[in-house]
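Number of protein chains: 2
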Amino acid sequence: MPLKHYLLTPGPTPVPERIALAMAQPIPHHRAPAFEALFAEVREGLKWLYGTKEDVLTFASSGTGAMEGAIVNFQRAGDEILTVNGGKFGERWGKIGKAYGLKVHELKVEWGKAVEPAAIEQALKEHPGIRGVYLQASESSTGVAHPVREVAALTRGSQAICVVDAVSALGAMPLPMDEWGIDVLITGSQKALMLPPGLAFAAASEKAWKLSAEATLPRFYFDWRREREMQRKNQTAWTPAISLVVGLAEVIRWLREEGLDRVYARHERLAKASRAAMEAIGCRLYAERPVVSLTTVWSPEGVDSDKLVKTLKTKYGVTLVGGQDAAKGKIFRIAHLGYFDDLDIVIAVAAIERALADHGYRAQPLGTGVGAAMRVMQELAEKPAEKAA
Amino acid sequence: MPLKHYLLTPGPTPVPERIALAMAQPIPHHRAPAFEALFAEVREGLKWLYGTKEDVLTFASSGTGAMEGAIVNFQRAGDEILTVNGGKFGERWGKIGKAYGLKVHELKVEWGKAVEPAAIEQALKEHPGIRGVYLQASESSTGVAHPVREVAALTRGSQAICVVDAVSALGAMPLPMDEWGIDVLITGSQKALMLPPGLAFAAASEKAWKLSAEATLPRFYFDWRREREMQRKNQTAWTPAISLVVGLAEVIRWLREEGLDRVYARHERLAKASRAAMEAIGCRLYAERPVVSLTTVWSPEGVDSDKLVKTLKTKYGVTLVGGQDAAKGKIFRIAHLGYFDDLDIVIAVAAIERALADHGYRAQPLGTGVGAAMRVMQELAEKPAEKAA
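Protein chains in written order, with our numbering: chain A, 1 to 389; chain B, 1 to 389.
The following block holds chain A by itself, in its conformation from the complex (with noise of 0.2 Å):
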C-alpha cells in the first residue's frame, strides 16, 4: 500500500483543510440569526460567482437533484425539449426529461466531440415547440467543453430556455450567466467549489421564471419557486445541509481572496501543463475541445486504461478515473479542479509515466511528460506583478 493518497479525480475534489476545519466546528440551528446572516453572505457569494443578478439557490442534493428540478420547474408534461447527448451527463438530460413525460430531441454528439451550434440551430428550426436547450458546459465524461455561450446566444430570440449543468465547470472557468444569456445554471459542490458533495445549486434568468409560471410537473422537494421565496429570507424551505454551508462560506471567502481571474488562470494554466505532458509522452488527447477541469486522454495502444488506473492506484496512490461506457478501457482523465495546483499535476504526471511503462508503455524516457508540463507552468506562471495587482 502506498503511503500517501492523492485524490485527482472530477469530483469529489479535494477538501482544503482550512474548510475541512470550518465544517468541523459545532454545528448552528438553521433557523438562528447566525446562520442567516452566514446564508446572506453565501447568497452574496453564489451571485458573484455566477454573474448574476438572480437568487442562486441552494439545495441539499447531489446535482442531480438541481438537472431534475432544471426540467420540473420550467416544462409541462408532453412540452418538448432538445437535449445534447455526448456523454453520460448529456445522456441524463434526456432520461430526467423522459421520466417526466416530455418529448425529448435528442442531439447526439459523437463522445469526445462538442456539439455544433449550427446543429443546435437546425434543431430549433426543425422543431419550433422546443422550449428548452439542456446542455452541459462540461462533460465530465469526456473531458469536452461545449460552446454554452454561442448556445446561449442562439436561444435568446426563440421561447427555448437555454439550461446548462456546470456541475464540473463553475468555478473554474468563466461562466458569467447574465453576460452570456444563460437562463437556468446549475451546479454542485464537489468540484470547484472543494467542498464534499451534498449541495447543489441553481440560477433562474427572468425569462425562465416566466416559463416557471406555466409549468406544471409535479415537484415538491425541488420545487424552486419556493425555495427562492424561502432563501430571500435567508432560509430554506427544507433542512439545510448546514455544515456543507458552513464549508461554503469559507470557500467563497478563499476564493474572494484568491481573485477569480486568477482561480480561473490557475485552472488553465493546469489544464494546459496536463495537455503537454501527455502529447510529450506520446498518448493523445481524446476531448477536441477539451474543457479546463480535466484532461482526457486516449490510453495507448495495448494498455487498458482500468488497469492502468488500478496501477496508478495501489501502486503509487494517485486515484484517477477511467472511461465510462463508449470510453470504458480505453481512456484515462486527470481532473484539476478546484484544490490543485502545479505540484498537484507533476504528481499525476509522474505517476502517469510510471504506471505506463509498469504497463509496457515508455515511448519517452521518463520524466519527459514532467518535463514538458513544468516548462509550461513556467511560462504561464503568475508574475509577481500580476499578483500584487
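These aren't lab readings, by the way, just hints derived from the structure by calculation. Since the model is a prediction, treat every value here as computed from it, not as a measurement. No false leads were slipped in.
Heads up, the list lumps identical chains together, so a pair's fine if it works in one copy or across two of them.
Straight line, CA to CA, 16 Å or less: simulated EDC-like cross-link-like pairs of lysine to aspartate or glutamate:
(1) Lys207 / Glu54
(2) Lys272 / Glu382
(3) Lys53 / Glu41
(4) Lys98 / Asp223
(5) Lys95 / Asp223
(6) Lys47 / Glu179
(7) Lys383 / Asp342
(8) Lys330 / Asp306
Place chain B on chain A using the hints.
Chain B only, in chain A's frame:
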C-alpha cells in the same frame, strides 16, 4: 454575549467531536473500493438500526426528500392516501400528496394529541381504496409520539401500506420495522444519528415494493428502485454526500459500542427527567403522549414563548425552539435527541428556570426544576452491573 453555546433543538442536534473529526478527514472517492467497503458497513448498520432485513437506502437530501420518495415510489396519480395531520410534519404528507395529484384523506388531530388508532380503522373502512397511511413516529412540532405500532397492525390486513416518518424518532426509541410491520420507514441524519443534516434514509417492506411495481408517479432523483439496485452493489445512483456517509459509519460504530438498549434507555431517562423538571416548576406539558426525543411545554400564562426562547439564546447561550403555527408563542421545546446526556438536561432546565424568572415567572425557588430532574436521573441511572452486561 454568553461565552458558551448549547444546541438543544430537535434537529439539527449536536455533532460529537469524534464524528466531526471523522468527517474532517480527506475525502475518499465514492467509486473506490474503500468507499464501497465503508458503505457496505453503513448498510449493515442501518439494517440493524431499523430492525429490518430489507435494504435501507441512503439519499443526499433532507428528510423531506425521503417523504416525497415515500409517496412517489408507491402511489399512482389519483390514488387515495390517508395522512395523519397533527402538526407541521403530518401536514407535509398531505401537501406532498396533493402536489403529485393524489386524493388525500387528511385525518386532522388536535395539536398536542396523538392519533387514535380507532380513527384510522374507521377511515380505512370508509375509504377502502386507500393505498397508504402516512404518519409520524414523532411529530417534532408538538412532541407527540403517534402509536405507529398499532397503526401498522391495522394496515396489515389491508392493501394500504403503513408509512412512518421517523426523522426525529429513529435511533431514540425502538421502531423495529419488520417486527412491527411498518412498510416504509424513513429518517434523517441530523437527529438521533448525531450528524449534520444532508442525509435521508428509507426502507420498504415486501408489501411496499410490490405496490412500487405499479407506481406511476414521475420520479428520477428519488427513484428508490434504481437506488436499491445500485446500493445493493454498495454504490449510489447519484453522487452521495460522502463526508456524511463517512460520519455515519463512525456513528454506527458508536451506537454498536453503546448498545441500542442503552441508547434508548438514555433517551427515556432524559425525557422523564425533563418532564419532571417542568412539572416541578409548575409548567404544563404540551404533548399528551410525549415522545422521548423532545419535551414540549406550555409557556406559563403571560410569558410569550418566543421571547423566552430569545432570552435563553442571548442571555444564557441555550438554543431551544419555540412553537410553530398553532403553537407559536405558546410553547417551547427541549430536545434530548442524539448526543445528549444527564448534564445537558441540567443545563437546559437551569437556563429555563432563570429565563422564566427574567420574564417574571417564578412559582418555585430557583433550582426546583433542576433538583426534580436530578432525582429522576439518579433513580433511572444505569446500574454498574447493567453497564457491564
